[in-house]
Amino acid sequence: MPIHPEHELHARRRSRNLGLGLVLGAFAALIFGLSIVKISHLREGKLPAAEARP
Amino acid sequence: MSELSAIDHSGHAGGEAGFGDYVQLLKPRVMSLVVFTAMVGLIVAPVPVHPFVAFTAILFIALGGGASGALNMWYDADIDRVMRRTASRPIPAGRVAEGDALALGVALSVLSCVMLGLAANWFAAGFLAFTIFFYAVVYTIWLKRSTPQNIVIGGAAGAFPPMIGWAVATGGVSMESLLMFALIFMWTPPHFWALALFMKDDYSKAGVPMLTVTHGRAATRRHILVYTVLLAPFAVALALSSVGGPVVLAAAIVLNALFIRGAWRLARRGEAAAEADRYRTEKAFFRFSLAYLFLHFGALLVERSLTAFGLGGW
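Protein chains in written order, with the working numbering: chain A, 1 to 54; chain B, 1001 to 1314.
Just so you know, the hints here were simulated from the structure itself, not pulled from any lab data.
All C-beta atoms in this analysis are idealised placements derived from N, C-alpha and C, irrespective of residue type, glycine included.
One or more hints might be untrue.
Stated by the list, open to error - Distance ranges between label pairs, derived from CB positions: (1) 29(A) with 1126(B): 33 to 39 Å; (2) 1260(B) with 27(A): 44 to 50 Å; (3) 1219(B) with 36(A): 53 to 59 Å; (4) 1098(B) with 33(A): 23 to 29 Å; (5) 10(A) with 1142(B): 50 to 56 Å; (6) 1087(B) with 29(A): 36 to 42 Å; (7) 29(A) with 1201(B): 26 to 32 Å; (8) 10(A) with 1087(B): 22 to 28 Å; (9) 36(A) with 1294(B): 29 to 35 Å; (10) 29(A) with 1020(B): 46 to 52 Å; (11) 1261(B) with 24(A): 34 to 40 Å; (12) 1173(B) with 42(A): 47 to 53 Å; (13) 42(A) with 1298(B): 33 to 39 Å; (14) 33(A) with 1219(B): 51 to 57 Å.
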């Protein structure tokens, strides 16, 4: 079996690392966005959705 | 293990899964149903939700559904290897290790429930946790291999998402969310039994006690008809509830009439006729069952949109 400089194994590993990186980036952005929404609602003296219920 | 030892003689890199393999573990097609029904449950609820909170909540409900899918694939890897329909899934195909699927399922289950609690409320988060438990433990581990009622009771797991969506907005349960649950719960058996009719050898080879295996195919056809008839009153009741209206009622009448007609045709068919046309009617009924659910929940969405313009609703 010839050994190529880049085997399919490396391509799969790259796709996994790239995908995970993008997911983590999106997760960080999501947390940031959620924090902004929650904090701005708190400032306005109201809570989003069902949290306002006792 | 060195990199080269991970490569077998065919050049296949065993154990080195690509990102897509992990996505496949989450059963994206099932997730699309979870996303859609949860979104409808959230939107038709009487309490408005901030769009970003709604987006985040739906995302983590979908992720929770995906996590339960990964746990299902981990536990069912042995029977997935036997069934033609599932043999190419990441674990039986050797692309993902069983332990990795379990770790991913558990990690995403915890993450999705905690994040839903933080984003929306802890009632919805607890409901999501119960749904994951129900699908992974009650259905996959307990019922699937032990009773032909597996699909009937296990179908509850797939019916919970609109209730979770409703709980995100309202923080509770109501008659409307229970009717959305009932619609999917009663729809699930005919949907899966139609699949079992034309995937005829898969379940018996795997030793899964589907109704087709334990009670025969003629009995399965009769069961499909009975459940389809019992489904109709729930669909009409949902249309007459506060989330319904003329659009939902019209959709319910047309869709259920067509669904019952399809089930009647299945019940009247024998195996010889089905084999002669390669299960064309069964496959058509299965495809229509998918459209049935999407159109029904789509009608709820249309009705809700119309109320914003002073139209729709009762």
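So, going through the hints one by one against the coordinates:
1. At about 27 Å, the beta-carbon gap between residue 29(A) and residue 1126(B) misses the expected band of 33 to 39 Å.
2. Between residue 1260(B) and residue 27(A) the CB atoms are about 45 Å apart, so this pair conforms to the stated range of 44 to 50 Å.
3. In this structure the hint that residue 1219(B) and residue 36(A) lie 53 to 59 Å apart at CB holds, the actual value being about 57 Å.
4. At about 36 Å, the beta-carbon gap between residue 1098(B) and residue 33(A) misses the expected band of 23 to 29 Å.
5. The given range of 50 to 56 Å is broken by residue 10(A) and residue 1142(B), whose C-beta atoms sit roughly 42 Å from each other.
6. Remark: the range hint 36 to 42 Å for residue 1087(B) to residue 29(A) is upheld by a beta-carbon distance near 38 Å.
7. Remark: the range hint 26 to 32 Å for residue 29(A) to residue 1201(B) is contradicted by a beta-carbon distance near 47 Å.
8. At about 27 Å, the beta-carbon gap between residue 10(A) and residue 1087(B) stays in the expected band of 22 to 28 Å.
9. Remark: the range hint 29 to 35 Å for residue 36(A) to residue 1294(B) is upheld by a beta-carbon distance near 33 Å.
10. A beta carbon spacing of about 22 Å between residue 29(A) and residue 1020(B) contradicts the range 46 to 52 Å that was offered as a hint.
11. For residue 1261(B) and residue 24(A), the Cβ-Cβ distance of about 50 Å falls outside the hinted range of 34 to 40 Å, so the restraint is violated.
12. In this structure, residue 1173(B) and residue 42(A) break the distance hint of 47 to 53 Å, their C-beta atoms being roughly 27 Å apart.
13. In this structure, residue 42(A) and residue 1298(B) meet the distance hint of 33 to 39 Å, their C-beta atoms being roughly 36 Å apart.
14. Distance hint check for residue 33(A) and residue 1219(B): the Cβ-Cβ separation is about 52 Å, which falls inside the suggested range of 51 to 57 Å.
Of the hints listed earlier, those the structure fails to meet are numbers 1, 4, 5, 7, 10, 11 and 12, in rising order.
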